[in-house]
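Asker: We have chain A already, so just place chain E on it with the hints.
Number of protein chains: 2
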Amino acid sequence: MPTYQLYYWPVLQGRGEFVRVLFEDAGIDYVDVARQPTENGGGVQALLAVMNDGIGGVVPYAPPIIVMEEQVVWQTANVLQFVSRREGLVPDDLYAQARLHQLQLTITDLVSEVHDTHHPISTGLYYEDQKAEALLATQQFIDHRLPKFLRHFELNLGASFEPDAVTYVDLSMWQAIEGLKAAFPRAMAKTLPDHPKLSALHASVAARPRLAAYVASERRLPFNEDGIFRPYPELDLLPSA
Amino acid sequence: MPTYQLYYWPVLQGRGEFVRVLFEDAGIDYVDVARQPTENGGGVQALLAVMNDGIGGVVPYAPPIIVMEEQVVWQTANVLQFVSRREGLVPDDLYAQARLHQLQLTITDLVSEVHDTHHPISTGLYYEDQKAEALLATQQFIDHRLPKFLRHFELNLGASFEPDAVTYVDLSMWQAIEGLKAAFPRAMAKTLPDHPKLSALHASVAARPRLAAYVASERRLPFNEDGIFRPYPELDLLPSA
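Protein chains in written order, with the numbering used here: chain A, 1 to 241; chain E, 1 to 241.
In isolation and in its complexed conformation, chain A is listed as follows (with noise of 0.2 angstroms):
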């Protein structure tokens, strides 16, 4: 089995964190180089480094990245299609990969609107400099879009979910959940409950044996202020309604 080289920040879960379950999850060997000591090629300067100059004349345009011999692939949805597929793990039907992959693209509208909660006005400005605007986009996130997105993914992975048959998509939901009950502690105990199928995807994927090592593992970073899912006590809100 060849080596995966992931590049991602190496001080946050963020999108890589999707890549990361996935090759733990499968036992995918893997070197997440930018946590790699510095002395050893790793370190963010490795990250910029491909950032900036690419590899092989190849320029990502954003992490999370991987590289496999001379192949360098980025796009969250697009890194699990391509592992999981080049690896065996999703059926070779077409038909059965444009399903999957729908739902996975639809994760990462709800990882993009989670982003956005506390980034409304623009990535390139600190959360500090749209603080109001934040409360506004989250109120409305916990009020209209995540009713949404959980309604869809209880209705179309956590009812068609198979614990013998997981695949990235299924890892990539128990992701998300443990990020929004990372971000909004309150609103999840009060929704998620109601999404019966969606929990039990959730609680049997983490019991899943080289995933529960992974979360014990010290390899695995803690949500923080950094990432995509913030813990931050002022946008923990609960519906309106």
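Don't read these hints as lab results, they were simulated from the structure.
Backbone N, C-alpha and C define an ideal beta-carbon position, used for all residues, glycine too.
Don't take every hint at face value.
Covered stretches of chain A (in silico footprint by chain E; criterion: 3 or more residues with CB under 8 angstroms from a CB of chain E, positions within the stretch not fixed) [to be verified]: (1) 68-76; (2) 87-99; (3) 115-125.
Answerer: Positioned in the frame of chain A, the structure of chain E alone reads:
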């Protein structure tokens, strides 16, 4: 060749236009269901029925949605990849497919950020209720995000553009540039000429006979204030610097 049914909002280009453009350019037989007469099962109610009740037990997240025999596929980038793989419009090679798809997902990001220029606080509120924030968000977009996207596409898509091997990604890039020119004519007039390879791609794709015929037809809807790329004069900003 099978007939694809496209379900999308009948009065706007939006994300559905990326799918229409692929079908039209490739000469693929499709029905734009919601734009058919109501008495033939068309109209916006046909779209709403699929969104609310699903098809054959499958409830999609959002349009564009395509239905083909028993198969239901959504998420724009996923639809484009699915149709292109199914119709043999992309190479069979996994890595070649991933390289295309990561560019398409970055176009998805661009489209989403353009949407958020006029809806920074929430997609659930009217533009009129977030105009002040939209002005802030648009200035940030024009100053920081648009140049970053264009530079990336110039390097990765313009530089590798082959007029004889146009894929869904080139077509989407053409449509994105059309949209950016409609929404931000002043910024694009200033910035696009600095991207000669992207400009050449745009011109080359526009000259393709089937695409040109589509654009000249009644099937091509104009950009308007219901779509993603909205010609709001007050948001047609120039770069600050």
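Asker: If a hint holds in the structure, say so; if it doesn't, say that too.
Answerer: Hints versus structure:
1. For the region 68-76 of chain A, the assignment as covered by chain E holds, since 4 residues bring a beta-carbon within under 8 angstroms of that chain's beta-carbons and 3 suffice.
2. With 4 residues having a beta carbon nearer than 8 angstroms to a beta carbon of chain E, the region 87-99 of chain A meets the requirement of three or more and the stated coverage holds.
3. Counting residues of the region 115-125 of chain A whose CB lies closer than 8 angstroms to any CB of chain E gives 7, so the stated coverage by that chain holds, three being the minimum.
The structure shown violates none of the earlier numbered hints.
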